[in-house]
Amino acid sequence: MSTPDPDISRRPAIEALGLTRRYDDHLAVDRVELNIREGEVYGLLGPNGAGKTTLLRMLAGVLKPDAGRALILGRDASLEPLWVKAHLGFLSGDTALYGRLTVKETLDYFGGLLGLRGPTLEARAQAVTDELGLHEFLGQRVHDLSSGQRQRANLARAFLGDPPVLILDEPTVALDVISGAFVRDAVKRAKAAGRAVLFSTHIMSEAEELCDRIGLLVRGRIAATGTKESLLREHQVGSLTELILSLHERAG
Amino acid sequence: MRDGAPRAWALIYRKELKDTLRDRRTLTTMLLVPMVLYPLALVFGSEALLPKDEPLVVRVAAIPPLPSEVAAALQTQNFSYRGVFPDGEERAQAEQLLVRHDVVLASTATGAQAWAGLGTLALRLYFDESRPRAYAQKDRVEEVLRAVAEANTVRRLAAHGLPTSAITPMTLRAHSVAKKERSGNRMLGLILPTLVLTFIAISCFYPAVDLTAGEKERKTLATLLSAPVPIRDIVFGKYLAVLTVGSLAGLLNVTVLGATVYRLMLSSPKGDGLAFELSPLLVIGLLLGVVAIAAPVAALMLGAASLARSFRDASTLLTPVLLLVLLPLGLTMSPDTRLNFQWAAVPLAGAALLLRALLHEEATLSQLVLVMASAAAVTALLLFVVARIFADERALFSTEGRRADLRSVLFSPPSLSPATAAALAGTIFVVHYYAGALSTWWPAVIAVPVTQVLAQVVPAGILARWLRHRIEPRLFLGLGLPSWRGWMAGLFLGAGAWLGLSLPAAWLADFLFGDLSAVARDLSAELGLSELGPVAMVLAFALTPAICEELAFRGAIYGLLIGRTTVRSAVVLQALAFGAMHGSVHRFLPTALLGLALGTLRAKTGSVWPGILVHALTNATLLLLDRAYGESGLFGSPTPVALLGLLGVGWAFVLLRGTPLNNSSHQSDRPGVTPTESPRGNAG
Numbered sequence: 001m002s003t004p005d006p007d008i009s010r011r012p013a014i015e016a017l018g019l020t021r022r023y024d025d026h027l028a029v030d031r032v033e034l035n036i037r038e039g040e041v042y043g044l045l046g047p048n049g050a051g052k053t054t055l056l057r058m059l060a061g062v063l064k065p066d067a068g069r070a071l072i073l074g075r076d077a078s079l080e081p082l083w084v085k086a087h088l089g090f091l092s093g094d095t096a097l098y099g100r101l102t103v104k105e106t107l108d109y110f111g112g113l114l115g116l117r118g119p120t121l122e123a124r125a126q127a128v129t130d131e132l133g134l135h136e137f138l139g140q141r142v143h144d145l146s147s148g149q150r151q152r153a154n155l156a157r158a159f160l161g162d163p164p165v166l167i168l169d170e171p172t173v174a175l176d177v178i179s180g181a182f183v184r185d186a187v188k189r190a191k192a193a194g195r196a197v198l199f200s201t202h203i204m205s206e207a208e209e210l211c212d213r214i215g216l217l218v219r220g221r222i223a224a225t226g227t228k229e230s231l232l233r234e235h236q237v238g239s240l241t242e243l244i245l246s247l248h249e250r251a252g
Numbered sequence: 253m254r255d256g257a258p259r260a261w262a263l264i265y266r267k268e269l270k271d272t273l274r275d276r277r278t279l280t281t282m283l284l285v286p287m288v289l290y291p292l293a294l295v296f297g298s299e300a301l302l303p304k305d306e307p308l309v310v311r312v313a314a315i316p317p318l319p320s321e322v323a324a325a326l327q328t329q330n331f332s333y334r335g336v337f338p339d340g341e342e343r344a345q346a347e348q349l350l351v352r353h354d355v356v357l358a359s360t361a362t363g364a365q366a367w368a369g370l371g372t373l374a375l376r377l378y379f380d381e382s383r384p385r386a387y388a389q390k391d392r393v394e395e396v397l398r399a400v401a402e403a404n405t406v407r408r409l410a411a412h413g414l415p416t417s418a419i420t421p422m423t424l425r426a427h428s429v430a431k432k433e434r435s436g437n438r439m440l441g442l443i444l445p446t447l448v449l450t451f452i453a454i455s456c457f458y459p460a461v462d463l464t465a466g467e468k469e470r471k472t473l474a475t476l477l478s479a480p481v482p483i484r485d486i487v488f489g490k491y492l493a494v495l496t497v498g499s500l501a502g503l504l505n506v507t508v509l510g511a512t513v514y515r516l517m518l519s520s521p522k523g524d525g526l527a528f529e530l531s532p533l534l535v536i537g538l539l540l541g542v543v544a545i546a547a548p549v550a551a552l553m554l555g556a557a558s559l560a561r562s563f564r565d566a567s568t569l570l571t572p573v574l575l576l577v578l579l580p581l582g583l584t585m586s587p588d589t590r591l592n593f594q595w596a597a598v599p600l601a602g603a604a605l606l607l608r609a610l611l612h613e614e615a616t617l618s619q620l621v622l623v624m625a626s627a628a629a630v631t632a633l634l635l636f637v638v639a640r641i642f643a644d645e646r647a648l649f650s651t652e653g654r655r656a657d658l659r660s661v662l663f664s665p666p667s668l669s670p671a672t673a674a675a676l677a678g679t680i681f682v683v684h685y686y687a688g689a690l691s692t693w694w695p696a697v698i699a700v701p702v703t704q705v706l707a708q709v710v711p712a713g714i715l716a717r718w719l720r721h722r723i724e725p726r727l728f729l730g731l732g733l734p735s736w737r738g739w740m741a742g743l744f745l746g747a748g749a750w751l752g753l754s755l756p757a758a759w760l761a762d763f764l765f766g767d768l769s770a771v772a773r774d775l776s777a778e779l780g781l782s783e784l785g786p787v788a789m790v791l792a793f794a795l796t797p798a799i800c801e802e803l804a805f806r807g808a809i810y811g812l813l814i815g816r817t818t819v820r821s822a823v824v825l826q827a828l829a830f831g832a833m834h835g836s837v838h839r840f841l842p843t844a845l846l847g848l849a850l851g852t853l854r855a856k857t858g859s860v861w862p863g864i865l866v867h868a869l870t871n872a873t874l875l876l877l878d879r880a881y882g883e884s885g886l887f888g889s890p891t892p893v894a895l896l897g898l899l900g901v902g903w904a905f906v907l908l909r910g911t912p913l914n915n916s917s918h919q920s921d922r923p924g925v926t927p928t929e930s931p932r933g934n935a936g
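Going down the list, the sequences are from chains A and B. What the first sequence shows, in our numbering, is residues 1 to 252, in sequence order. What the second sequence shows, in our numbering, is residues 253 to 936, in sequence order.
Derived from the structure by calculation, the hints contain no laboratory data. Careful, some of the hints might be misleading.
Stated by the list, open to error - Stretches of chain B that chain A covers, calculated by requiring three or more beta carbons in the stretch to come under 8 Å of a beta carbon on chain A:
(1) 442-450
(2) 856-869
What the hints assert, rightly or not - What follows is a list of derived Cβ distance ranges for each label pair:
(3) B:VAL705 x A:TYR109: 29 to 39 Å
(4) A:ASP176 x B:LEU539: 51 to 61 Å
(5) B:ARG820 x A:LYS188: 24 to 34 Å
Unchecked claim - Derived BS3-like pairs (lysine-lysine); straight-line CA-CA distance at most 27 Å:
(6) B:LYS390 x B:LYS431
(7) A:LYS104 x B:LYS471
(8) B:LYS471 x A:LYS64
(9) B:LYS471 x B:LYS431
Glycine is no exception: its CB is placed at the ideal position from the N, C-alpha and C atoms.
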């Protein structure tokens, strides 16, 4: 199905070309096509087990696809994983922080792994600390933080390299109102700065508030994609929740 | 509770027992290891590797000569006896005699009369407890003396019908003349290997699990993997952490335990003489021995733990590994097992025995080098496997479900990288060493070529075939023919390499380590050169090694190295591996220098053939010079001859001048190999 491109002049930042992944007999991701441009926020919705995490991991270069290609800023994530990882911020339920390090030590460590040193690292750490309101607990160990504070520190880790691409897997899950707002503001600022953001969520209101386009992943396939309005219009439903349920039933 | 029904604890007990016995890992740990592995290791160890017990001949001296009846008992085939007359202070004379004897027996001038009458022959037995087998020798002498005394008593009293307790024909008091520090070191040598091995194994256990399965469970491993860091850096960083924590914790345990025992012994009445002599050189040697134990143990633990899905899974996986690591304890606990060249090459066992040999002043530099080389080779192989486990995503993400498939991890083709090169070098070293045992059954003229083929051509060939989907084997091994310039360069370099490069390096090795002529003489005798015709000699020891070593080092290892390093680094690294493979401090410099020239030739001509020509000519020059002039001709060649050789080398490089060091052909034919898996860069 075709959907209007938000801004054809912007470069493609995240592309999935027939991306497929199988776990033994289970087809987790089935020939997924995606094209997300710079400055665009794309929301990936779908029930549990739809293949969202697997798809995002392949796009982030931490999992190899069985078929198809994942491109970040035109570079293949399987062939150039280090370049791709250096140019994207990835956060998922599986990317926890080291509990025995303080937030400051965490930022220093991951900044070092990104190749940041000295004043550059200091400046970037300061920027993400300001952006995500980490000042109060910079010296605390991660395992002493609340889940919301921990998620903000983790976002800071993902934003640290000032990456042009962000892939966030359910970044607001189980967060309180304040931490959730921090995350949503961070996504809005990323969009304003021209970054491409791909994020998955179960919170429909969040997707409606943030996303330029939404993709619905059902049983490993993109069952529908477009703006919220175009999806509701095209499928003649009243809400995104209704649409997901109907697509899920249709997929059997 | 129902009548007749088993109690709850009994039900639970039965279920747990059944559950435990149905766990295959438990069965392996409980049954396979103790019932199969240990007996096999012991049988194999004692039959194949333990030094055969030489008959224990105890050399005894007596001041003054013992009564003839006693002396006769010490003149059997198991003893050598010598009577000497007193000369100065008794203990000083005994210490002097102990230089050439194992036991000295001293008595007074009237001892013989006492022995003949109804008196007592009071003997003082001097021995050096810091020597190997000192106590066994002392016990043997005491046993004989007691038997003689008993026979004497019976004979003297039987006639009178008196009980044998009526007289004491002989008393015996033993004194050790050993310096208390040497005795202390000797005792330490008996317990230190066991302590070090045990504590390091235990100390590596937790960090290995925490940094792999623990990270998987805490979901921090995926975070690390999302950073732009090559897998090899992740593995190496984690390995060094396990090695450091394991070694330091192990050493701390040993030190604190040792210090506590030392204090306790000092405060006991018998411990006032306890002392150790730990010179800086000895401490360095001991630390190297500790590294040789910790390096492979840390790699093995890290590998096993990285297969685990969770902390709990890791502890079950690591238990058999721990038992395997502790296997050499059986050896080190036996005071009769001594470090020899066979043991030195066995990982862990060699290092544990090295600790003892160092403290007993029995270790040689070559043994130390061999132990370290063996540990390095095994560690390289293990790290290679660990890196492959880390590259398997199941090993990284699967906290539930199936574990990473070790078979697929081990048997999928490796990458063209320094890690694979290190693993190949390690394999060559290990196979070379053990295939070298063939020379105990076959003459060197057959054993050497067979060993070369088994250790070098076979692994290089298997690797080339394994990698055939990534790079054509002919290209990988550099089997393409060179230009005429390449052949000519090979000819000149071959003519001059021994005289111009290896000979000056041999002089330097002689200057640094001494006794090069003896090494050459031993090698010549080992190869049986004097009994061979020139053709057989050149075929077996010049041409075959040339082909085999060039295929392995300038072919496969060089081919793997230029996959990820610069050509210059590849040339240097393969030369170092080539030098190390020759397994001797004397031969390292000449062979590494030759390897450097051969590597440059490979890089400039893109082919191994000129190198084979050079290598064959070099070896042939060496053999024929040895045949014609002996060792004096080999190493006593005057400087002008060396300069002439250097001229040949120089001319070879003049021929190749302008030919760039290249690996372009190699790179271009590597479909499927990541072209720019390059250093991390700043994001943004």
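Notebook entry, point to check: Which of the stated hints cannot be reconciled with the structure, identified by number in ascending sequence?
Noted result: Violated hints (numbers, rising): 1, 2, 3, 5 and 9; every other hint is consistent with the structure.
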